[in-house]
Structure formats: structure tokens, C-alpha cells
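Novice: Residue numbers (my numbering), protein chains in the order written: chain A, 22 to 368; chain B, 22 to 368; chain C, 22 to 368; chain D, 22 to 368.
A couple of the hints might just be wrong.
Pairs count within a copy or across copies, as identical chains cannot be separated in the list.
Straight-line distance between alpha carbons at most 27 Å, and here's what the computed BS3-like set of lysine-lysine pairs gives [unchecked claim]:
(1) K270 / K64
(2) K322 / K275
(3) K64 / K275
(4) K322 / K270
(5) K275 / K210
(6) K64 / K145
If you're looking for bench data, these hints aren't it; they were derived computationally from the structure.
Chain residues, written in single-letter form:
Number of protein chains: 4
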Amino acid sequence: MSDQLTAAVVGGSGFTGGELLRLLTGHPDFEVAQATSRQYANKSVGSVHPNLRGTDLRFSAPDDLASVDILFAATPHGVSMQHIDGFQEAADTVVDLSADFRLQTADQYDQWYDGHERPELLEKSVYALPELHREDLPGADLIAAGGCNATATIMGLYPLFQAGILGGDEQVVVDVKVGSSEGGASGGKASSHAERSGIVRPYAPITHRHEAEIEQELGLRVSFTVHAVDMIRGASATCHVFPNERVTKGDLWKAYRGSYEDEPFVRMAAGGGGVYRYPEPKAVAGTNFAEVGFELDPRNKRLVVFSAIDNMMKGSAGQAIHAANIALGLEETAGLDFLGLHPVGAP
Amino acid sequence: MSDQLTAAVVGGSGFTGGELLRLLTGHPDFEVAQATSRQYANKSVGSVHPNLRGTDLRFSAPDDLASVDILFAATPHGVSMQHIDGFQEAADTVVDLSADFRLQTADQYDQWYDGHERPELLEKSVYALPELHREDLPGADLIAAGGCNATATIMGLYPLFQAGILGGDEQVVVDVKVGSSEGGASGGKASSHAERSGIVRPYAPITHRHEAEIEQELGLRVSFTVHAVDMIRGASATCHVFPNERVTKGDLWKAYRGSYEDEPFVRMAAGGGGVYRYPEPKAVAGTNFAEVGFELDPRNKRLVVFSAIDNMMKGSAGQAIHAANIALGLEETAGLDFLGLHPVGAP
Amino acid sequence: MSDQLTAAVVGGSGFTGGELLRLLTGHPDFEVAQATSRQYANKSVGSVHPNLRGTDLRFSAPDDLASVDILFAATPHGVSMQHIDGFQEAADTVVDLSADFRLQTADQYDQWYDGHERPELLEKSVYALPELHREDLPGADLIAAGGCNATATIMGLYPLFQAGILGGDEQVVVDVKVGSSEGGASGGKASSHAERSGIVRPYAPITHRHEAEIEQELGLRVSFTVHAVDMIRGASATCHVFPNERVTKGDLWKAYRGSYEDEPFVRMAAGGGGVYRYPEPKAVAGTNFAEVGFELDPRNKRLVVFSAIDNMMKGSAGQAIHAANIALGLEETAGLDFLGLHPVGAP
Amino acid sequence: MSDQLTAAVVGGSGFTGGELLRLLTGHPDFEVAQATSRQYANKSVGSVHPNLRGTDLRFSAPDDLASVDILFAATPHGVSMQHIDGFQEAADTVVDLSADFRLQTADQYDQWYDGHERPELLEKSVYALPELHREDLPGADLIAAGGCNATATIMGLYPLFQAGILGGDEQVVVDVKVGSSEGGASGGKASSHAERSGIVRPYAPITHRHEAEIEQELGLRVSFTVHAVDMIRGASATCHVFPNERVTKGDLWKAYRGSYEDEPFVRMAAGGGGVYRYPEPKAVAGTNFAEVGFELDPRNKRLVVFSAIDNMMKGSAGQAIHAANIALGLEETAGLDFLGLHPVGAP
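All chains, full assembly: derive it from the sequences and hints.
Specialist: Pasting the structure below:
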């Protein structure tokens, strides 16, 4: 154990922080040196995250950060940028899970958020998604884990760009369905069980901030709408794509296989038999997998792309660990080998 | 009570049949003369539909149809057309809830289904949706209740055509989310609780048959995709519309109010405060209301229209009763005054 | 309409207040003269209760109470007793839905709650449940609607006392399962969708306050435990009863029929065929019905009694309207004729 | 890898079979040599169990069993006993997950089931639960994994017997709540999503067969009732216990710690702070953990014991792997290290 790397999680009481702590606890190469929470300082991690009540981790206040090999910041948007100096002092490698360092320019940031305090760091940070940025991750100082809805969308559309099927000026509608864990651990009336169960609720009908990430990563403007539905984990993106040229199923299989066949965390599901014929959040719940699939709609000259992830995993904590593994030269899949459950609920 | 009209429900053991029986039982102007079910003949209606176990209705075999004022056929697609002569012998007014008489030409039918046995009846039948066909319903012999997903979509888009905002050649993507009651009462592995809970499942990614009805009623080709999500009742249509000309919120309010302000079963919900800012299936569960709303997305020159119905009510049995009320000269809202519940689950 | 009675709802923005407003809106003999809410004063009722957004009701502050025929207080425990004078000034008949006036003595109250401010009113109030107190309701000034879990339990056990099968010294375990609407509209972390979905959570393992009501109404001490499960509406009580003497199914049917066969809102469900063989919250969701049933377990000399209600209806607002109808000499079932839905979700 | 043990799963397409395949796939000491399914022979395992669609396993017909180190039979009750000779020919160690070999005498079996074909094997089989039978497992030929509801109950009550708090003649009521995965993968009307969502359904009001196992393992007759509730995985047992002597919390903590403090898969949860104060199925979903806790109810001289497991894991496949690890001399927790998720849905 003497050669294990030390890790800290700042903001460990939120949902994302809890997932990071779980993944790090089960990771062969990391030990958790610190888990911070101002609200729950000195309380056991298990009193907040019941799945961890068998561990002996305790929260500490975020005021004294331990010196660690890697620090994961699961702090809210706007908070990470305030504390980034402290984070970087505490650790050579910082993985931030907020939106603070995902966009590459202050202009972009200002357009979607409210003024960046440390704009000079934006171009230095690496967007975490390994399927797009595997080459940039080794040795990175500052890594920004992507947004969950953006990740689901990007995973679905990326091969179409790599293969030249899309160029960037096409009409693309992205209709996303997400679970309640996206809203975080803080509660509130709209996310109470009685008000939120069984819903199909347009919670971001237009101008969802993840549009900015998609545009940055793909060079494509998308018409983006997010609905909240009755699940806990999961983000499912249905991309209605209108290519300029005719495309065949063969073209599509070639494109997706070309991009993903060597990817350890991408599975194709496109119209086979059985109950689960296309990507579904249930099929990847609890895992770091993204599922991607498609159908052609010749009647409407449309290509429909489906992708599904667990927003807490591939869309957040799992993506962060995956990127950290690459950044630190570890086995890429270390700590991320859970296969998911069948059957599994909402999800 | 001597002036009550008599009604029969053929296919009374299915979900739609049960809703018809419930509505007719509570209707001031109808009494249920017959409820048929081959499988449950001689059993009490309450043994199948537990909400009706306080009534004394019993199923009879469908072989001997009583002579009634109105007959509702809740039989599967393809079955209604086989028995239509018997239905019309039994009752002057037949309301069919299957897809058999929704399309107006045999060509249309053949394109989406498998050959019509009584094509000469197609042009005589009236599509039930009162908001579009109120004038045609009084005295109609054969009424075809619309499909649930088509109804949700049509209710959302119709005012744009009435107001001239859409002409029929625009790009429109319709992304529908539906509950498990759409699958009917028969069960099956994919609809088992363990496999279906918590899903976002592309169950009709392309070429859903309700496209045909939408095209017929609106004169618009739509790119249509249906997802199954975790609710029981409800159909929610999100229409991503790309108008040819710039449109303002004022134009939209004018269009929707113009079409719907006198409609007893349409409510607008477009971005007010509170938890339920847009149309939601939960807000109309159990009722005959359709909720309609919209947002403008200038960045993408897009108009997003939301509509929500209870697929068993406005999308089926409620629409049928509403149309029957008009056809027979009754109070239009009779028997349909339930306001729905808050809070209410899935839904 | 000139002969309609006027009604006020104090505390109209909570779940119970919303149900009262819905029921009064659809009631043939009442019109809503006032709906109060301090938090939502001047806002439309529909902005809080989406099922009522077709009505034109608005909340007013509770400071100026209108003079009405009947006032329903849907205020929290401890608040009703503070304002009871004002309520009684405003209306000749007050129906309180809190726990403040359910127990008949200050001693009882002190044992389970924290000191009563108006103990002299306790013996004057009538416990609302019509199946037990129909005789006492006509002309009552102050009516206390029973607690939901107590109501479910009492409805299940009452016939055993009426028929002399239980005397009061028997061992009775009551294991209750309830939905999230019992927690009210205010939210909070434990009731957030992500934390509350899919649970079986012992939320009142011992000493639930409704024990006091059961003991008062039946003269029986019960071992009472309440679990929160994944539904919105509904309370289901399973009573494990160990009678002192041997009892037969015939005895039981006689007892339950004796108590309930003329009751308009009680249904028996005891082991028939079909999917819904026993009482289930889903079968009564949205309605004022209680379902009651039983099984004998000779191996363990046990009688198992099942009862199911909608906690918002028979367990609260519906019970209140039912009692009000009787108190004011109206048709007993007026405004309570909704039969419920099939299928219906959680519930 | 050359020193891995080979394993077969007979009946691999059911829910339990799928969990066995998942656990064996991720187990460091096993490789899956065969997964049988008559219905899905030659199809990929991933076409039935979507979480395994990244693996290259395929089902084979059960007619030719490979020779393996260990065979897991996930066949229905009554089927295992017919094929037990073939199973034992194929493998030195057989772990049966049906009810066929759980009871120790033919008399017991006949009382609860329908005649045993191989009664001579009953006394040779070992009941799998390691917390009770760890000593008997090493080298066992035939191991019978316990029933899920029995396991939940036994885990809750066992320490009371070990510590002498219960002797066997006490009154004990066990009220169990279970998820839909208990019903298996085959579907059916009562388990369809529309009929089963949001339920509290008494599905085994009396004489559930798992009473036999509890009686055998604890020497206690229990009044046992099982309710189906809205979750997928999970069994939660609430045991209402009436001890003959007064018992203190100190006695209880001592008893439970005495039995379980060295157990790798048991966690105590008895009234601490936070949202999850007692055992909950959600807190153990996907894991092999059992959670156990209690409260004292002096008013009713009652002890309430709560226990929660994942019925597919501790209640079935996880218990089987745990027992197999011990039987074959492997690390006891191998392959069972998943900590579960937070938050997680139904569950």
C-alpha cells in the first residue's frame, strides 16, 4: 500500500462528492487522504452517503487542505474558481467537476455564466472526456470534467464529425431526459418526491448552459432542450440530425466503430433484439459506460442518434476518475470496473 | 332517469375500455347497457378494474350486442373493421377507439398499416378531436378517436397552422414521452415492472404510425420519435419547430389564444412561476385537459412547443366521450369534470 | 346557485388545502369564498396546485377571514388551536384537519404532543370519521378530521370491536405503509426525489402520535410502526391481530358486513380473483373510499386485516368534506363521487 | 489466469442467473465456462442482461453440461431436484439457488411444497447463509442458497437467539416488503408496470413458504406476511418481537455486536442521524450487505427489528458466491466488493 497515491475530495457531501469517495475507496491505486464538507465536518461520511457507512472516513472542514497527489473539487459552479489557488497548492493535479474550467475562453464563459475570476486558467485546463482528449490528459495540472448533458450529447454526435458525416452547419435538435440526481443533494420544493415523481418536466426548454460545451467540443450549434423524468441517475440524449448528404447504415456503423471500437467505456446498441434494443440509462446505471446507437429515418431525411450515460458516473465522477487515471499514468479502467445491475430500478 | 341514453362498451376489459366504463358510470346522461369481454365474460367489471369494484356491472360475451344509443369500440387495431357492421347494427352512433377509421383513404391506411377491409367507410368517419372537428361531429354515425401521441402533437401544433405561422413545409421534430398504459393491459416481458421502471427507452425511434394522423390533420410532415418513460398515464409532446419567418411571443400568444381560449379542455402553461411552469402530464392526469405552452429560442431560430395530455383521457376515452357528447347534442363537458389531483404520482 | 353554502379554506397552499379546494370547487352545494395562504397571498391557486389552474381562485392573506358558512382549517398542528377563536367567529362550523382537536382530554394531548392552549374545546369537538361518529356530526360546531394512519387502522379494526371479536386486551401489531404526500408540501432533504424514491424507510418505528387516536377510538393499545414507501398518496395498514378466541371466516364476513354494508365509502376486498385481491392504495387513489379485507392464519392463531385509503382523501380532505356534508345536512356523498382511475401510478 | 476455477451457471437467463454471471465475470478467482438457457441458446448473454452486453458470453442449451469446478443452479423450484445428478456429475460443488435443498427433511418439504424427488439429499445439503453456517461450508458438495425473505428475517432475528434474548416460544410478527425482481423475469399481468407501480400489495398474506426456512434455522414460529411495494430490488423485514423478559438497548447492542461485529457483510444502522437512520434496501442495493437495526417500544413491551438486503444479492446470488468462496477456500469477500450507490433509485 505504500505506493498508493493520495487523493482529496473537496465538497464530499454532495452527490458527486459521494461518488468520488466511493470510487476512490474501491480504487486499487488511490487512498482517500481527505474528504471535506463544511456542513458535515467531523461527521462520518457514511452518515451522509449510506452506501459508505461501512467505511471509517470522516469529513473535515475545507479550511486546511492536506497535501495530496490529486485533488478532486466537487464544489458548486463559481466556487471552484475562488479556491483554485488553494487546490493547486494542495495537489499537483486538480480535477474540477464544476463548470468553472470547462470553457476555453472568458468570452465563452461570460456568454453563458457570470464573469470568470481566473480567466487566465481557462486555456490551460483540459476538458476531461478521454474519448476526445486522451492525448492531452497525461501530466495535465487542471482537468475539467464535462457536464453530464453535454457528455451524453457529445458521445452521441462525435463520431459523425470524426467521420465527416457532419460538418457543423447542420440542423441538430437534442432532446435530453435526465434524472433527479442532476439537481444535487440540497432538495427544494420542485425536487420533492411528491412533486417530482412521474414527471415529464421541461426544466431547461432553451439556453441550457451545456450548449456551450457541446459547441466548443464539436463545433456545432445544437437546439437543446432538457426534460426531467422519473429516474434518479441517468442522462439520455436523443439527437435528431439532418445531414446534408444521404447517409447509409453502413456509413454510420463505420463511423461509430471507427471512433469507439477501442474505447473501454463505450458500447454500441442499435436495434438488436430483446428488451433493451437501444441505449438506455438503466443499462449503464452505476457504471462508467456510455451507450450509443442510431436509426435512419429516410422518410424525413433524418438520422436519430441515441446515447445514454449515468450522469453521476460517465457524466461526472466516473469521467473524473477515468481522466485522473490517464493523467497519472495508471491503468485507464482502474476503479471503474463495475458492470452495472440487471434488473435495476429508476435506475 | 327514463331519459338517459344507453351505451355499450365493446372490449371493456382493456385499459381504454375500463376508462370508458368509468366515465359512462359517472356521466349524467348515459347508462351502461352492456360491457363486453370475451376473456372475462360473466365476471364483474370490478374484478378487472379495481376502481369499479363498487359498481354492479358485469362483462358479457361480445357475441350478442344489445341495441343501444351509442356503442364505444375499444377493440384492438384491425378488429374494429371486422365487426363494424355489427356495431352499426347495434347502435346509430359508433365511436371507435382503434386506429381503424382514423385515416381518410385506403392508400394512407395501407402505407402505415396492413390493408383495410372496409375502405368505403374511411371517408365517412369523423376524426374525433373536437378542437379540430367540432362542426362535423353532430349527428355523425362513425367517429374515430385519435391516437394519443397524435393528439398530443396535434394539440400543440394546430394553432400555429390556424394562425399561419406554419404552412406545412417547415422542419418539425416531435419528441414524445409516454407512459406504460399506452402498451395496454396485456403485459409482456418488456413491460414488466422490473424491466420498465425508471426507463428512458426509444420504443418507436422512427416511423411511428401516428405520423400518419398528424400529417392528415395538419398537412405537415414531422420527424417523430417516441420514448417510453416511467409513468403510467400521460403523453408529452415536445415539438421543436423551425418557422420560416421570425415569430414573437406576442404572435404565439395570439395564435394559441385564438385557437383555444374558448375551449373547455385546453389550458395554457407557458413559463409562469411555481413548480409546474410548462405543460406536464402530472398536471392533467385523470382529466380530459390538454395543456399547451411554448418557448422561443432565438439563438437557434427555434420555437419549442410543449403539450401534455393523459393518454387514456384526452388521448383516448375522454376524447371519445367528449366527441360523443357533441355528436348526441349533450352538454359538451358532461361526465368530464374531474379536475385531477395534486400531488399525484407517476401520474 | 343562490342557495349555495360558502366555504373558506385556511392554509390553502398545502397539499391538504389543495385537495379541499379541489373538492369544494366540484361540490354542488359549496362555493369557495376564501382560500388563504400567507406565503402565496395574491397569487393564483393554480400556480401552486396545477390541477386547479383552470379556475380563477386566488389566495388571500389569512389576516382577514371572510364570514362563511363553513371554514376548513388546513393549518399545521399547534397553529389551529392558536387561531380557533378567529375561525369560530368567521364560521358557525369549523372543520379542523390538524391534530389539535382530535383527542378528547388535555391529558391525552399532553402525553403525545406539547401542551394544549385551549383544552376546554377538546371535549366539544367531534372526531370526524362518519363510520364511527355519524350520529354526533349533525350540527357540530367543531369537527376534527382524523389522522390518516389512524383512519386506515381504525377502519380496519373497528368491525372486530363492534362484533365483539376483539375486546381491547389483545395483542395487535399494526404495520403501516405510507406515501410521500404525508410529509406535506414543504420539501426537505429526506423527502427529495433522489433520497425518497424506491424506499422502504422506517420513519416512525415506535411512538407514532396516531397511536393516541386509535387508542381513543377503539379502546385498544396497538404496537404501531409506520414505513415510508414509494408512492405519493396512500396509507395501507396491515393489522396482525391475535384474538383470544378462535374466529372463522364466517364470523369475520358477518362482522365486516355488519359494520360496513350500508356505508357509501367502504369496500370489501378479501381474497377474490384478479390482480387486486386485497385492499390496495392504488385501487382507491383519488377517492374517498376505504378498502378493507382480511385473511385467517390458523397456523399462527392470527387474523391479518388489511385496509387501504388515500391519505389525502379518506385520510384527510375527503373525510373532512364527508363530515361537513353530514354536519350541514347535505347529501352525504356530495362532491365525493370520483371513482378513481385504472391503471394509475404511484398512486 | 491459469489457476482460475471454472464455473457454470445453469438457468442463466433469469434475474438470478444474470446476477451470478455478473458476479462471476468480475470475480478474481472464477471464469465462466458455461451459461445455459434453453430459450436463449446461442444468443449473447448481453441480449438478455443489458449490463453484460460488453462481455462475449453466449448461452448454450442445458443438455450438455461442461465439467467445471463449481456449478450454480439458478433453475426454478422443482427443477433442480430433477437434474441434481447431472449437476453433481458436472461439478464437485453444486450451489443450488432454488428452494429444493433448503429444508433438511422430506416431511418439512412436503408440508410446504409438493413432494421431494430426492429426499436423501436433503440432510446432506448445507444452508448457505455464512453468518449461520460458516463452519459447515468448506468442502460442502451441495449448498442451498436461502430464500430472500427468509434471509432478511433470519439476519434480523438471529442475534436475539444467539444471545438468549429469544428462546423460540415468543410472539413474533414479521412484515416483509419486497421488490418486483422477486417475481422473476417472466412477466405476467400482475407484474406489468402499469399494474405494479406504486403498489402496497399483500402478495403473501399468510403461509409464505419461507416461514419453513425461518422455523428451521431459528427454531421459531413466525407470523409472516409479505407485501409487494414499488422497488425492483430489495427485501426489508420488520420484525415485531415480544420478548418474555425486559430487554435494554444495551442488551441489544451487545447481542448484535456479538453476532455480527466480525461479519464482513453485515452493517448496523439503529437510529443514528441523517436521512438513512435504519436499515433500508436502497442503502444496500446492488451489494451483498445486510443492514440490521432495532428500536425498543417500552409502551408496548415490544422490540422492533429492521433488516434490509438486496434480494438478488444477499438474498440470492451474492449469498451463493459468498458461500462458494468459503466452500472452495477462497478469500471470503472475493468478487463481492461493490459498495453500492448513493443516490440510487427504486433501488
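Novice: Confirm or reject each hint.
Specialist: Against the structure, the hints:
no.: 1; hint: K270 / K64; result: between (55 Å within a copy, 23 Å between copies)
no.: 2; hint: K322 / K275; result: within (19 Å within a copy, 32 Å between copies)
no.: 3; hint: K64 / K275; result: between (52 Å within a copy, 24 Å between copies)
no.: 4; hint: K322 / K270; result: within (13 Å within a copy, 30 Å between copies)
no.: 5; hint: K275 / K210; result: neither (47 Å within a copy, 32 Å between copies)
no.: 6; hint: K64 / K145; result: neither (36 Å within a copy, 48 Å between copies)
When the structure is compared with the earlier hints, violations turn up for hints 5, 6 and for no others.
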